[in-house]
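Fit the two chains together into the complex; they arrive one by one in their own frames, and the hints show the way.
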Amino acid sequence: MHIDDLSLRNFRNIADLRLTPGKRINLLVGRNAQGKTNIIEAIGLLSTGQSFRAQDFRDMIRWNAQDAEIAARATCGAGADALRVSIDSRRKSFTRNDKRVTAAAAGKFFTVLFAPEEILLLKGPPASRRRYIDSIIFQLSHTHRSNSMQYEKIVRHRNRLLQDARLSDSARREALRPWDEQLADIGSRIVMARSEWCRRINGLLPERYRAIAPEDAQARFVYVPHCGANAVEKGIDSVKERLRAQLEERRSDEAVRGITLAGPHRDDLEAEIGASRVKHFGSQGQHRSFVLALKLAEMDLLREASGGEEPVFLLDDVASELDAERNRFFFEVLGAARGQVFITATTDADVRLPGVGEISIFDVSGGIATPRK
Amino acid sequence: MTPIDRLVHELAKLPGIGERTAARLAFFILRQPHEYALGLSRAISDVKEKVRLCSECMNLTETDPCAICSDHRRNASTVCVVEDPSDALAVERTHSFRGRYHILHGALSPLDGVGPDDLKIAQLIRRLESGSTEEVIVATNANVEGEATALYLSKLIKPTGIKITRLASGIPVGGDLEYIDASTLTRAFEERREI
Chain A
1 MHIDDLSLRN
11 FRNIADLRLT
21 PGKRINLLVG
31 RNAQGKTNII
41 EAIGLLSTGQ
51 SFRAQDFRDM
61 IRWNAQDAEI
71 AARATCGAGA
81 DALRVSIDSR
91 RKSFTRNDKR
101 VTAAAAGKFF
111 TVLFAPEEIL
121 LLKGPPASRR
131 RYIDSIIFQL
141 SHTHRSNSMQ
151 YEKIVRHRNR
161 LLQDARLSDS
171 ARREALRPWD
181 EQLADIGSRI
191 VMARSEWCRR
201 INGLLPERYR
211 AIAPEDAQAR
221 FVYVPHCGAN
231 AVEKGIDSVK
241 ERLRAQLEER
251 RSDEAVRGIT
261 LAGPHRDDLE
271 AEIGASRVKH
281 FGSQGQHRSF
291 VLALKLAEMD
301 LLREASGGEE
311 PVFLLDDVAS
321 ELDAERNRFF
331 FEVLGAARGQ
341 VFITATTDAD
351 VRLPGVGEIS
361 IFDVSGGIAT
371 PRK
Chain B
1 MTPIDRLVHE
11 LAKLPGIGER
21 TAARLAFFIL
31 RQPHEYALGL
41 SRAISDVKEK
51 VRLCSECMNL
61 TETDPCAICS
71 DHRRNASTVC
81 VVEDPSDALA
91 VERTHSFRGR
101 YHILHGALSP
111 LDGVGPDDLK
121 IAQLIRRLES
131 GSTEEVIVAT
141 NANVEGEATA
151 LYLSKLIKPT
161 GIKITRLASG
171 IPVGGDLEYI
181 DASTLTRAFE
191 ERREI
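Line by line, the protein sequences are chains A and B.
Residues in the first sequence are numbered from 1 upward in steps of one, following the numbering used here.
Residues in the second sequence are numbered from 1 upward in steps of one, following the numbering used here.
FYI, nobody ran anything at the bench for these hints, they're computed from the structure.
Quick caveat: nothing in here was measured; it's all calculated off a predicted structure.
Fair warning: there could be bad hints in the mix.
Unchecked claim - When the alpha-carbon atoms are kept at most 27 Å apart in a straight line, the in silico DSS-like pairs for lysine-lysine are as follows:
(1) 23/A - 279/A
(2) 155/B - 153/A
(3) 163/B - 120/B
(4) 155/B - 120/B
(5) 120/B - 153/A
(6) 13/B - 92/A
(7) 48/B - 163/B
(8) 108/A - 23/A
(9) 279/A - 123/A
Said to hold, decoys possible - Calculated Cβ distances over 12 Å to all of chain A for the following chain B residues:
(10) 53
(11) 60
(12) 63
(13) 108
What the hints assert, rightly or not - Chain A is nowhere near these chain B residues, computed Cβ spacing over 12 Å in every case:
(14) 36
(15) 49
(16) 70
We put the CB at the ideal spot given by N, CA and C, even for glycine.
If we strip away everything but chain B, and leave its shape as in the complex, we get (with noise of 0.2 Å):
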């Protein structure tokens, strides 16, 4: 196998990527300088060496405990639970949670094998029964796994005494009823609240 080869290879293992476009990537890399390739490795490698799990909220870190596990300043009372690193990033863009994460890595869903084990929930209780948490905000994915989730810790934490609270859905801010889909409306007409 020539290098050429090795790297289509490997590349057209990444996600969404087929033979050709690999191919397209791996001449595009040889053309570039010599830098170009030596960057890339080093940071392919950097992501596996230097990237690893926040001991507290199993977000991806550099340093452990991570950013904002460390940060003082965030109130550490509330802890909002997402399925994936890029869930937590979602929250953050919003800028108006100020309190912590836990990552589970997944949801609950039997038919891909994954179970309670396969997520970080027993972190999650552990963190629970040390700290000083008064309300876990159950924030995954509006579709089954995410509710067969949201039930699973819910029925986990309640005995514990904590508050535990599930991400209001409905209508989207600044839309408009009428280009809202059927289900997310009659959700929204039950989850209505008092004004």
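If we strip away everything but chain A, and leave its shape as in the complex, we get (with noise of 0.2 Å):
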């Protein structure tokens, strides 16, 4: 998969941008506030029809502009696509070849996305990884989408309950039955689908992360469910009847708080090197290696979830964090795919690309990209 033109009107701070990247590494150099970031996010819009910026969506369209458009030509294994997205001050609508078709079903290409706050994924709070794993599942699940949605719907409508003052307790009881026994059939849906791409990802990460570090031991990205993983293993029924159990044990302290304390928006996933887990233990050094090696295992996932098909890598600005040496291995490795990749950067030093063949290098300056001879 790949994009072979892609252009950009009145979106963030580009007026209008025409990009004919080349099929493979396309780096986008420029000072800060240019407009690189913004084509990045551009390209995962298209494809995945959410922005990883996650903010109102109209704050996408430029200033004093009316509405903002992204095109682009996109090639998978099946044929090539015109894709377009338009975003005007009521909503984001996506057309594939002119017909209209749902966020969902925006691009049918896959995109890894690498930005530098993914650097501290593993020390960051919970819900930064439940984001990441989720943002992983809804490019191949769509169910997976519609399901967090509604989920998290729920919880909002269940909070508002316990926080209803006017409620008295045996009230509140029986308003929060329903929502309850909603919170427990999506809840454990989500679960197991969580569960299910996670060992998925276990089946691909360990080679990826020996290859980083080869004196280390195996490396694991472990779901921890806070309904637990014994119930897990039992099978969606259990999850069920798990995730009630524990809404009726936290009952008074839900009460108290105000806020829903059971359920798959507590989950977490834990990095583990061997026995040991990486957030406690790890130096920094292995922090940045698992992550490496976790965004190489999603792409491998994408690529056998796609029947073979290489995902576009976006990596914006990643370079500047990693260490050298990681840095080195990390374009080895880019370098030796075959997938399109986007690579953001300040300056041409920060990325290294040993013996990369194909490589298209465009300046990003107040929002135009010139390609450089």
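As structure tokens, then:
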């Protein structure tokens, strides 16, 4: 899968931009705030239907403009598609070959995004790890995406009931019941999906990690569901049962704190190397190596899921966050891979690309990308 | 304020109507013959004066009980519960349901401050207690609010011994499997039936 050409109109700081990327490595070079990340964001939006900068989508429209548009030609094994996202003050709408499609069906190409904040994935709050695993699953399962949206709403409804001071204890109990039931139902589906996709990632991760840190023990990205790994092993019905029981157990706590205290929105994921947890025992280097391996495993997973097609790799200013050795390793791997890659960097010097043949460099300045000869 | 300003101001309160559209509508009305404006204003005031809720099913009606509740050919032992009058119309269009309705006028939605007391649930229960209802079909929307409402009703109604059912969710008739979204298809698999 690759993008043959890309055009942006009134998208963030970009008035009008056309880019004809190469099929392999594309380097977007420019000072800060020139529009490099906006280009990466636009490609991600075409692919996933969502922006990785989770803000109000109206912010994507250029200041003082009515609407924004992203258009691209993307080729996958089956042929080329004309993809388009139009954003106005009311909605984002997607078309493929001039036919309306839903956001979930927008791009038929997969992307792996690697942004600087993800270097801290293992140290950050559990929410960032849940977001991370979900963002991968969303590309592969529309069901998981719609379940997650429903689940989020259920929790918000539930929290509102927990915070409603006018309700007596018994009235609250009654009012919560239908939401508890749905939390257990939709929640158990989310838990099973996360568990299944983590299992598949763990089939790919150890090899990637070994290539980076051959002397280290085996790496695993362990799913830690709030309902307990035991329930997950026994299947979806026992997860559902367990979620119901947990809500019952936490009922008085919930009343005091006014928030939902059981369910997959409390899940976590832990990085393990051998028997030790990277979060607590890992060195800076191990953190970075682990995340790097995870990204490559993600690439493998998406390739596997799409029948062997290479996903598009989006690297947003990551080179500056990695040390020289890991940088060299990472770009060697990307150089040896076959897929299309977009890399943003403030200077060429950040990116060491030894022995990479096909490389296209664009200078990005003031929202304009100029191919360098 | 001129009369035109007043009209624009009132029209702009309608859902989906902005100031510009409101102004267009106001000038349209202004250009029409006098009878049109009178007819429109009468239609608007009639809606408020003549339309009320059916004391049986809570649907909008001019006569009480409404045409459906007073139709003796319809099966009074089956009650289809819907969120809004427009949902009852949708079921009516199928011509396949010959029972009666109960309109809740909404769905449970704590985020919007809608609780059981804001819906016509008490009226439903009273109706079930006094009547000869054998089955309640819950046809609320297939979203989290509609589902919560269905679960809430089932909790209330089950102890009465009245049969309570929920509309199936699954593949649309005449639909090709390949065009159905994954979540709907997943549900259809779960709710498959023996043939």
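Outcome of the hint check:
no., hint, result
1, 23/A - 279/A, "violated (37 Å)"
2, 155/B - 153/A, "holds (22 Å)"
3, 163/B - 120/B, "holds (20 Å)"
4, 155/B - 120/B, "holds (16 Å)"
5, 120/B - 153/A, "holds (24 Å)"
6, 13/B - 92/A, "holds (25 Å)"
7, 48/B - 163/B, "violated (37 Å)"
8, 108/A - 23/A, "holds (17 Å)"
9, 279/A - 123/A, "holds (6 Å)"
10, 53, "holds (25 Å)"
11, 60, "holds (27 Å)"
12, 63, "holds (35 Å)"
13, 108, "violated (7 Å)"
14, 36, "holds (32 Å)"
15, 49, "holds (34 Å)"
16, 70, "holds (33 Å)"
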